[in-house]
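Student: Just add 1 to the spot in the sequence shown (first one is 1) and you have the numbering used here.
By construction, these hints were calculated from the structure, which means they are not laboratory data.
Heads up, some of the hints might be wrong.
Claimed, not checked - In silico BS3-like pairs for lysine-lysine, Cα to Cα no more than 27 Å straight-line: (1) K67 to K18; (2) K13 to K85; (3) K18 to K85; (4) K13 to K67; (5) K85 to K67.
Computed from a predicted model, the values in this text were never measured in an experiment.
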Amino acid sequence: MAMTRAGTLLEKEPGLKTFFQGEEHPYVRCLIADTVDPERHFECRVLDEDDIPFSAGEHITLEVIKVVTERRSGVVRFDCRLPKIHE
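From just these sequences and the hints, can you work out the full model?
Tutor: Structure, rendered in structure tokens:
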């Protein structure tokens with residue numbers, strides 16, 4: 002079973018671009034409050050999407066494809082995709 006991140010969408014920044022596995026991909030940067038512990042926030046990049054069909058305050062579930070730790074800051078970020086049920 003794939004790892005997921007679920008919670009309340011706090012903010013999103015659509016229309017961004019990044020390189021992932023050697024290719025340029027559109028993505029949406031999201032900040033999600035954990036379902037179980039809303040004080041825990043997750044920074045996620047939803048790859049291959051220019052925007053996502055969710056607004057701040059709505060519940061969202063994402064499939065994690067890669068976990069990235071920024072060496073300098075120690076911040077953990079999740080590279081994700083929308084589950085197939087949302088497409």
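Student: Going straight from one Cα to the other, do K85 and K67 come out at no more than 27 Å?
Tutor: Holds. K85 to K67 sits at ~17 Å (cutoff 27 Å).
Student: Hint check: K67 vs K18, CA-CA at most 27 Å. Holds or violated?
Tutor: holds (17 Å)
Student: Assess, step by step, whether the Cα of K18 is no farther than 27 Å from the Cα of K85, and give holds or violated.
Tutor: holds (22 Å)
Student: Just to be careful, I want the Cα atoms of K13 and K67 compared with a cutoff of 27 Å; is the pair within it?
Tutor: holds (19 Å)
Student: What's the verdict on K13 and K85, does the C-alpha distance respect the 27 Å limit or exceed it?
Tutor: The hint holds at about 20 Å.
Every hint from the earlier list agrees with this structure, and none is contradicted.
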